[in-house]
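S.K.: Read off the chains here:
There are 2 protein chains.
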Amino acid sequence: MNRKPLILVCNDDGVYSPGIKALANAMSTIGNVHLVAPDIEQSGVGHGITIRRPLRMHPTKLNHLEKNVTAYRVDGTPTDCVVMGVQVLGRPDLVVSGINFGPNLGFDLTHSGTFACAIEGTHLGIPSIAFSLGFSDDMDFTHGASYAAKLAARVIAHGLPRLTVLNVNFPVGKPKGVRVTVQGTHHYEDNVEKRLDPAGQPYYWVGGTPSVDEEPSSDYAAVYSGFVSVTPLLLDFTHRTYLETVREFTPPLEG
Amino acid sequence: MNRKPLILVCNDDGVYSPGIKALANAMSTIGNVHLVAPDIEQSGVGHGITIRRPLRMHPTKLNHLEKNVTAYRVDGTPTDCVVMGVQVLGRPDLVVSGINFGPNLGFDLTHSGTFACAIEGTHLGIPSIAFSLGFSDDMDFTHGASYAAKLAARVIAHGLPRLTVLNVNFPVGKPKGVRVTVQGTHHYEDNVEKRLDPAGQPYYWVGGTPSVDEEPSSDYAAVYSGFVSVTPLLLDFTHRTYLETVREFTPPLEG
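First to last, the protein sequences are chains A and B.
Residue numbering for the first sequence follows our numbering, starting at 1 and increasing by one per position.
Residue numbering for the second sequence follows our numbering, starting at 1 and increasing by one per position.
The set of hints was computed from the structure by calculation and includes no laboratory data.
Keep in mind that a hint or two might mislead.
Since the list can't tell identical chains apart, any single copy or any two copies may satisfy a pair.
[As the list claims (entries may be wrong)] Here are the simulated lysine-lysine pairs, DSBU-like style, with alpha carbons at most 30 Å apart:
{"no.": "1", "residue 1": "K194", "residue 2": "K174"}
{"no.": "2", "residue 1": "K194", "residue 2": "K67"}
{"no.": "3", "residue 1": "K67", "residue 2": "K4"}
Model the full assembly from the supplied sequences, consistent with the hints where possible.
M.R.: Laid out in structure tokens, this is it:
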């Protein structure tokens, strides 16, 4: 690549999140950066896309941004930000999202706006990586941002296979090393708590405690052992080894 | 199963959609039905879940419902409806969603609220099926609903393997037969159209024309050839054959 790579940086925590600033500045060491992020936090919105109303995109000043980073905010979802960044600002060589405040592991992936950005970039044919950091009080994105730049440079040089996306999670504190992992089964128990409003009518909170994943090769095990977790995922979900069984049990149309 | 199965029916088109009524009434021939659906249309919201505000759920009268169908509306996403149905109304033997007005094929799946219901049911350990119908003026859900009941009975009897979900698409008109298919690459070209508001400021519409999928074994090819498409999908997205390559090119932490 003769010119400097163009890198699109998105997230779901919103344009003013410290995690996206750390990621954008790290990416500015290897390319020119468009930062496009939601104007408000959008955690848990998954791969939602806004098709029933128009979007606005505004150039946005942020403190302490490197000078080859230009920032914009969009009144939409994380996925909208990728679409706008690619189609309005120009096709990038790489899409990265994060660094999310909070891990994205196991079953979280389809709920995650951070991972959704990487899905969207991949569907648009652009190599894409999602970055997330474990919860902690200090929100220290330094180690993660530094490693993100190294991995991003490698992905720009090597590319990624068709429909393949990388999901990266950083542990809290200084990582002990890097592990390539499988998607585990971490999830939040979807509990529902019923309460009564002042008028005596019920309302419900969806919540739940995070589960523990005992599988040693999982994303969860790596991060909670202090390692960076790098998981390659394939966006063709066909259950190929089960096709024949489905052919056997699927009823015919008539009879 | 000695008692009648309990079936949870959800959708993303909203509680008043004719597609969910057709599906719920069809399911009432094989079990008792809880119908739980968003109070407004929620197309394209993906696997979004509402965790930052509480939800309301109201019993809802609908015309022409069979008497073993009880209906509720929720002011949330399709995924919220599954969570509320399972956790508040009682754990069902099967989760079905749809019948969506419009197909859910290829890359649409992660955007789809209909498919998200089936993801959520599967994550909760309940066999789940998503049903969608091709666009047409007459919105005739008759053939689809009739086949959905047959397939649902088969799935309740046989179960589905861990993390496995069925995505079913019906063609417009009377189907010619049933094909077990792979997830194709159908998508909407994410074009963005820029317009100026009356004050001369830009706003953007995300849209795009649907792509054509030439792969004969795909979900798309089956539906547009007039067949019911049944695609088994696996919710473990790990790209296992690519793990070793990622181990080779992933940079170490230092150096």
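S.K.: Look at each hint and say if it fits the structure.
M.R.: Results of checking the hints against the structure:
| no. | hint | result |
| --- | --- | --- |
| 1 | K194 - K174 | neither (40 Å within a copy, 45 Å between copies) |
| 2 | K194 - K67 | between (50 Å within a copy, 27 Å between copies) |
| 3 | K67 - K4 | within (14 Å within a copy, 66 Å between copies) |
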